[in-house]
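Once you have looked at the hints, place chain R on chain P.
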Amino acid sequence: MKVLVPVKRVIDYNVKVRVKSDHTGVDLANVKMSMNPFDEIAVEEAIRLKESGTATEVVAVSIGPEKAQDQIRQALAMGADRGLLIKTDAEVEPLGVAKLLKAVVEAEQCELVILGKQAIDDDSNQTGQMLAAMLGWPQGTFASKVSKEGDKLSVTREIDGGLQTITLNLPAIVTTDLRLNEPRYASLPNIMKAKKKPLDVKEASEYGVDIAPRLEVLKVTEPPKREAGVKVENVAQLVEKLKNEAGVI
Amino acid sequence: MTGVLGFNTTRLASPHLTPAHEAWRQTVRTFVDREIMPHVNEWDEAGEFPRSLHKKAAEVGLIGVGYPEDLGGISEDIDVFHSMIAAEELSRTGAGGLVAGLMTHGIGLPPIIALGSEDLKRRIAPSVLSGEKLIALCVTEPSGGSDVANLKTRAVRDGDHYSVNGEKTFITTGMRADYLTVAVRTGGDGAAGISFLLVETDRPGVSRTPLKKMGWWMSDTASIHFDDVKVPVENLIGIENQGFLGIVANFNMERLSMSAQAVAFARVCIEDAAIWARERHTFGKPLAKHQVIRHKFSEMVRRVNATSAYLDNCAWRVKNGQSPISDLSLLKVQATRTMEFCAREAMQILGGAGFMRGHRVERIYREVRVMAIGGGSEEIMNDLAARQMGL
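Heads up: the sequence lines are chains P and R, in that order.
For the record, in the first sequence the residue sitting at position 149 is 149 according to the working numbering, with numbers rising by one throughout.
For the record, in the second sequence the residue sitting at position 154 is 154 according to the working numbering, with numbers rising by one throughout.
No incorrect hints appear here.
These stretches of chain P come out as covered by chain R in the derived footprint (C-beta under 8 Å, 3 or more residues):
#1 72-78
#2 186-192
The calculated label-pair distances, taken between Cβ atoms and stated as ranges, are:
#3 P:Lys20 <-> R:Asn320: 35 to 45 Å
#4 P:Leu163 <-> R:Asn320: 51 to 61 Å
#5 P:Gly25 <-> R:Ala306: 30 to 40 Å
#6 P:Lys67 <-> R:Asp70: 28 to 38 Å
#7 R:Pro15 <-> P:Glu57: 30 to 40 Å
#8 R:Arg278 <-> P:Gly161: 34 to 44 Å
Quick caveat, the hints were computed from the structure, so don't treat them as lab data.
All C-beta atoms in this analysis are idealised placements derived from N, C-alpha and C, irrespective of residue type, glycine included.
The shape of chain P in the complex, shown without the other chains:
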């Protein structure tokens, strides 16, 4: 079973994001970029499936600028077998990503795609679901446990009420939640070995799909500053404020 893992280059989770002064977006100049943490979990899960003999090959794919090769190399250093960069400097929305991934899945003949449930930059949480719909494959989203049972995939999902375990026919789509696993470190020997693993680069235009954005960003602003709280003297005052100031009761 060949597994495809998409990885996205995003602003590192430690960076305090700043809005550009012209309000057209967030400032990316000299900002540390990393692999989307949910994607790291996806890579780890795919490698575990390979180590347990369930998967035969793990392919990491990224859609983004030339520098996104760094994130693919990280996936290779963790244990993925080869990489594919679909190069574009344009912003690609989840629908465009899903279209490109569909083309890759068909070209590569993958049986399983493991994606992060969302990317921490736009928090869309759409790509996996869209890809499943386009391919007509079953999906197990927000996975906290994945195992192969016979020719099916058992996926435990994190849902509002607790956990839900579903069984999927393969081929399938899985999206990862935080508690699925703890990604391994890319050790120094494996970082050096990853330099020699194959990494293909293709232009997004080669796939012949429409990835033009459907959304127009009008303005990006900082969230309003939180104001300091107040201490109330007693319950009566609390009720009064909830009623008249907050308007919640």
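Chain R only, in chain P's frame:
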């Protein structure tokens, strides 16, 4: 925390770093954040860190970086910058004792790698590089440190073994070490009478006493007494009376590494002081808006930048096979003076908050002296440099 004046932004971009270097930095960063940062204060107060950390560090490549592959190290396509990144990222903890205690093999092992027989290397290096065994370097004695040529611990050959008598002190990781790389006198006076011997710490006659220190609390330090310790001649590291070469084998990497650490500690000071200066309000405005305070940041950043550029240049020359002894000596002085300056200024900015235990700057302030003295004091470094200049 990142942003302007954060640990990341006060690192000058280096033309020598490749994506593989940056990937390595990311691995060490994550390792430090997960395995070390949450415990660092607790370990420092307890005066020790778990021995299992050595193995964990070895698994990601921190212990083996730069050592030969056939001995369990990682050397293919590895250069001095990989080692410096390790030192720098470990120093982000602001705990010098962690770096000293975790990376002691960085001074204990190179003499064996440089001079030791194949048998000795195979017997010792793989277990050290996998983090199972700890090795310490024993040079300094109660009667002298920098004056290596006059050391007094004596090893007398008697058939198939040496008999070792004497005392070593200020030995980092001396209490926990399984192996000691010991400089001993086997011949006459001066540098030409010195050899290196590997001494296992479980040999009868080895006794150790822990020493309490101003800083580096989580790394243990020992006085080690050798009382008629019998050591087989196979444990001789290299050729008898040519041990001085083994001491020299450490110098380049030790000075580069300590300089990288010192600059990183200085950057930690800037980061913590900047967070505080933006938050703390006095006289109706943030500390950072007072000219007398913000000029301190300019001074700190200026020194860190200059030192970083010097560090980069020296490392690049070492990478290319040079041995710029004079500049490496001056670099160490420059780096520890920068650390000293930034620790002082950051402490002035932090005020009482920085004086409290558990603050990174408080610890760094206490650890300025060991950085400026250990691995070659400022005075020795400056004099060595001057002599290299032909004065």
